[in-house]
Structure formats: structure tokens, C-alpha cells
Amino acid sequence: DAGVIQSPRHEVTEMGQEVTLRCKPISGHNSLFWYRQTMMRGLELLIYFNNNVPIDDSGMPEDRFSAKMPNASFSTLKIQPSEPRDSAVYFCASSFGDLYEQYFGPGTRLTVT
Amino acid sequence: GESVGLHLPTLSVQEGDNSIINCAYSNSASDYFIWYKQESGKGPQFIIDIRSNMDKRQGQRVTVLLNKTVKHLSLQIAATQPGDSAVYFCAEKAAGNKLTFGGGTRVLVKP
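Going down the list, the protein sequences come from chains A and B. The opening position of the first sequence corresponds to residue 2 in my numbering, with each subsequent residue numbered one higher. The opening position of the second sequence corresponds to residue 8 in my numbering, with each subsequent residue numbered one higher.
Simulated from the structure, these hints should not be mistaken for lab results. Note that beta-carbon positions come from the ideal geometry of N, C-alpha and C, so glycine has one too. Watch out, some of these pointers could steer you wrong.
[What the hints assert, rightly or not] Here are the computed distance ranges between Cβ atoms for each label pair:
1) A/Met-41 / B/Leu-115: 17 to 23 Å
2) A/Pro-9 / B/Gly-90: 24 to 30 Å
3) A/Glu-19 / B/Ser-81: 42 to 48 Å
4) B/Ala-102 / A/Gly-4: 23 to 29 Å
5) A/Glu-63 / B/Asp-62: 39 to 45 Å
6) B/Thr-17 / A/Arg-65: 30 to 36 Å
7) A/Thr-114 / B/Ser-47: 19 to 25 Å
8) B/Asp-24 / A/Glu-63: 45 to 51 Å
[As the list claims (entries may be wrong)] Calculated pairs, EDC-like style, for lysine to aspartate or glutamate (alpha carbon to alpha carbon, straight line, at most 20 Å):
9) B/Lys-49 / A/Glu-12
10) B/Lys-105 / A/Glu-102
11) B/Lys-105 / A/Asp-99
12) A/Lys-79 / A/Asp-57
13) B/Lys-117 / B/Glu-22
14) A/Lys-79 / A/Glu-19
15) B/Lys-105 / A/Asp-57
16) B/Lys-49 / A/Glu-45
17) B/Lys-63 / A/Glu-102
18) A/Lys-79 / A/Glu-12
19) B/Lys-105 / A/Asp-58
20) B/Lys-105 / A/Glu-45
21) B/Lys-49 / A/Glu-102
[To be verified] Selected chain B positions facing chain A (in silico; Cβ < 10 Å):
22) Tyr-39
23) Thr-107
24) Gly-110
Whenever a hint applies, use it, and build me the whole structure from the sequences.
Shown next, in the form of C-alpha cells:
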């Protein structure tokens, strides 16, 4: 299995631009999680989906952030407009059923200038 | 191991010695716990997990201990190797599938 796939691996953009991060979970997994990691705040859960349905989005910072999961094999996290404080590494993870172990992707390092 | 902003607690250990990484969790309703290892530039990688009906679980060179009375979790690594140098996170699960992560502990293995 290829594991969780994220793209792009690195993104550098200017303040005010739209950013879209992409994730392909492990085939057969039915839960998908988006995290943000910074030195100051550590690893924070932004949102998670179960069977493509958003279950908990309480970690989404503000309306500039949105996430979708149109099907079981694809999810996006969008930031519009982006701000310098959004600079972080964004991870996607997936899990199966009530096996709570989450498998993480390699992350997308986002830099907003 | 709790993060204090920019500074991660660091454990320096001699190669070949045993390492013990500690974690305090906050939610007495948590019923599942997990340890992850994160190497530089990579995503967190599963090490070992334990459910709340157990107090000890062993894997290959790793042991997790759970003390629910004091809400404490530890990870023991036997015969620490240079490849064990990384940041280690504990996480707890209460309701649903949501994991709440601790701040992490950096382990540095000295040759």
C-alpha cells in the first residue's frame, strides 16, 4: 500500500492567495483527519470525516478554512484568503473502522509570505 | 511530555541504554492511548497503543505502561539506538475517533 498521499509537499504563496491542500487516504480506510502542526501549538486536529461526512470541525480556525471529502479516496483543505499565520505543516491521516490507529501522510509544508 | 511553546522537553540517552518517556493525560474518560514517533521532515508514525482495560503492553523493544489512577502513560524503549532519535507524542482518545495529542518529547541518542 502506498500509504496516505498528500500534495503538494511544499507550498509557498503570498498573503491573500487561495491555497488548496490535497489528500488521498489509504484505500479502505473510512475516517480521514486533517491536522496542523506548528512549533507554538503542536499538533492540532482541524477536522475529521467519517464515511465522507464531516464529524467534528471544531478545530477549524475560522471561516477562511474549509474542507471537503467528495468521495472515499480524496479530500481537500482550502484556505482562502491565506495569511502568514497559516504557515505550518498540514498533515492528513486516515484510519479504519474502530481501529483508532491513524496513519499519517508526509505532510504539506505551507509558507505564506 | 508537555510542550512549553517553542521548547520541547528533551531526553538525552546513551546508545544502548533504556529510555523512558512520560506523558500525563487530562481526560479520565479516555479509553485508548497511542504513542507516535516523528522523525524530522516526516509525518508521525505509529509505535504502540493500549486500551484502558490494560495497564501494560509490549511490542518490539517498546513497552507502554498505563496508570489510570494518576492519568499517566509512559513509553519505554529498550536498548536505544541512533534510529530512535525523534520526537515522541502520546495521544488519548475519548469519544468518537478523535485523538488529542500531547506536546511531544524529543529523544536524542548519543553514540
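- Starting from the hint list further up, note which numbers the structure goes against and sort them upward. none
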